[in-house]
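A.B. asks: Order-wise, the sequence lines are chains A and B. In terms of this note's numbering, the numbers along the first sequence are unbroken and rise by one, the last being 218. In terms of this note's numbering, the numbers along the second sequence are unbroken and rise by one, the last being 1287.
Listed below are the simulated PhoX-like cross-link pairs for lysine-lysine, each with C-alpha atoms no more than 20 Å apart in a straight line:
1) B:Lys-1060 with B:Lys-1143
2) A:Lys-127 with B:Lys-1132
3) B:Lys-1020 with A:Lys-59
Chain A residues, not near chain B, derived (Cβ > 12 Å throughout):
4) Asp-6
5) Leu-14
6) Ile-23
7) Asp-28
8) Gln-89
9) Pro-93
10) Arg-110
11) Val-119
12) Ser-121
13) Ala-129
14) Leu-140
15) Thr-142
16) Gly-197
17) Lys-204
18) Lys-205
19) Ile-206
Honestly, the hints are just simulated from the structure, not real lab data. No residue lacks a Cβ here, since even glycine has one placed at the ideal position from N, Cα and C.
If you want the building blocks of each chain, they are given just below.
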Amino acid sequence: MTSADDCIYPSDRLYLVEQDLWIKPLSDNVYRVGVVKPFLFFVGKPHKITVRQAGTLAKKNTMLAVLSNPRADAALLAPVDCYILETNQGLTPELLVKNPYEEGWLANIRVEEPLTKAVDSSAAAEKFAAINAERGVACLETLADYRFTVFGETCENILTQVGDFISRYLKVGESLHVITTDPATEVDMIAYAERTGHKLLEIKKIGKLLHVIYMRAV
Amino acid sequence: MIDIMTYANPSVLADVDWLKANLGKSGIAIIEVDYDPKLAYEQGHIPGALLIDWRKDMNKPDERDIIGPEEFEKLMSRLGVSNDTHVILYGDYNNWFATFAFWVFEMYGHKKVQILNGGRKKWIDSGGELTKEVPTPRPAVYKVEKVNYANRVFLDELLREKVGKADLVLVDVRSPAEFTGEITAPPEYPNEHAQRGGHIPGAINIPWGQAIREDGTFKSAEELKQLYASKGVTPEKDVVTYCRIGERASVTWFVLKHLLGYPRVRVYDGSWTEWGNLVRFPIERQR
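Make a model of the complete structure from these sequences and hints.
C.D. replies: What follows is the structure, given as structure tokens:
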């Protein structure tokens, strides 16, 4: 199921909207659990993932996992009391970003009470759409290394600031997610990449905001 | 725990384990101070914790200044904090904004206020409970008896005092790249810039994070003494800390003033976004 903000919620599993988690039943009371894709766009690229150790009990509302980067230590909470049976041993930030629904799973858990709030993918898409709008999140193909929200009186002003950001912070090969509103137009943003030699990875208008991803090439 | 006892003023720190054992106790207000509440407080906070949204609650809406005593009284009242409440502060970005708030609480004479050692990070990493439930405190009566500006320094004072005073030491606590002017803000929140990069002439660079351990807690008193003394920041000096907007400077202020007991330490909260925007002011870059 794909929602209006381009976020994907596979239909072969259930979702815990309040916790930003997906769950896939493995056997009675046992689930594989992972994080939904828009949460990654909310937190930004994680530099470190901490998953609660296997063999421990996660009380309701305590951490199952924490995604950390310089902006945040964002916690994912246990929906009910649950035992951590196994964690994803090979999990890396790259793997999580690549596919949070498959290789990027977090843990297998055994729940101590039924997950009555779990919903299917279409209900999840609808509920997450509202949350994503409130958080200012949209899903793109690339989860960039940096994010920059910029509003200017003129398009030139916006592009100047984008240029400053790229030259100040990005190494060659790193990417920047620019979130902006009018008066920047898609044409200007594309022309900017051609003029500067930076690679335009993605450009997408979602709601009132224009999302552009540049990769520093020079 | 043993380290804490060697600090000059250990009563300013609350320990995560102590707080876990004392959750829900009356007379205590736990307050999360965030720069980005959406990613932090709203995503799960210590049960019963209230929120101070640093940008909205600690700053005046129009002129650039921290809230005045009357606004502080209103804020405390709204949070259900009275003059006798034991306040424990913690927050995002390694307690930067919680420490800034501590500095403001002290300015307005709050009697019992502590920083949760290690902050949000340590609480989460140690498996502490979190909740998304937002408490609704009963408004309290709060009165600021006396304002104490001894820990704050403004630009004009800095200029007047600096001239011809060899014992004044300016500690720039930003990253080395900000100190040398390569960048003017950390990339995680780049929207608050100065026109020029660099540092105040004569300042020395001791990044705030050098006082912090991997787990987010403060280093031992011995380590801290060594760190600052080796750079010439010693107790007999008149110390001024600054960063970009004052938040990281308050962390180093807290360390020097309370953990090491230096008698005279002030935060220049105008910091680089003031100095680096002034016309015809000297700036140093490489050192």
